[in-house]
Amino acid sequence: MGTEVVAPQRRLAIGDTAYRDLVNFRGELLTLTGSEQTTDAYLAALRDFLSRLAEFPHRGEARPDLHPSIRAIGFRQRLRIVFAVMEDQVLILAVQSARQGRVTLPEPVYQFLEVLDGDVR
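Taken in order, the sequence shown gives residues 1 to 121; the numbers are from my numbering.
By construction, these hints were calculated from the structure, which means they are not laboratory data. Positions of the beta carbon are idealized from the N, C-alpha and C atoms, including for glycine. Heads up, some of the hints might be wrong.
What the hints assert, rightly or not - Okay, the calculated beta carbon distance ranges per label pair: (1) 48 to 27: 16 to 26 Å; (2) 68 to 34: 41 to 51 Å; (3) 65 to 35: 14 to 24 Å; (4) 97 to 68: 36 to 46 Å; (5) 62 to 36: 32 to 42 Å; (6) 38 to 98: 12 to 22 Å; (7) 59 to 100: 30 to 40 Å; (8) 23 to 99: 11 to 21 Å; (9) 30 to 65: 27 to 37 Å; (10) 73 to 19: 12 to 22 Å; (11) 34 to 65: 33 to 43 Å.
All chains, full assembly: derive it from the sequences and hints.
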């Protein structure tokens with residue numbers, strides 16, 4: 001008999017940039033749909049999706065061109081979630097339109113990641 005090793009679950013954290021992205025996206029979606037109910041249902045599905053990133057963080061595309069810890073994953077062909085996988089947490093860095101050609105992060109995010117370089121996995 002072998003011993004099963006279970007990795008501890010990371011906690012989910014939303015960075016300031018991602019929070020602002022989500023607030024802006026909610027407003028855009030509400031304007032587009034004209035329905036609070038539709039907007040809230042979409043955002044509830046997005047919250048569920050994000051919470052599962054904490055359980056299975058190594059999904060999506062690794063983005064070592066941005067930083068060794070950064071990954072990006074799509075949500076419903078409309079959004080791109082950019083996140084960092086760290087030892088004890090998954091940090092959502094940005095929520096961008098999937099139509100946006102390339103991943104961009106504001107300079108404070110890069111500065112923050114430089115501080116964490118000793119803790120990044």
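Which of the stated hints cannot be reconciled with the structure, identified by number in ascending sequence? 3, 4 and 7
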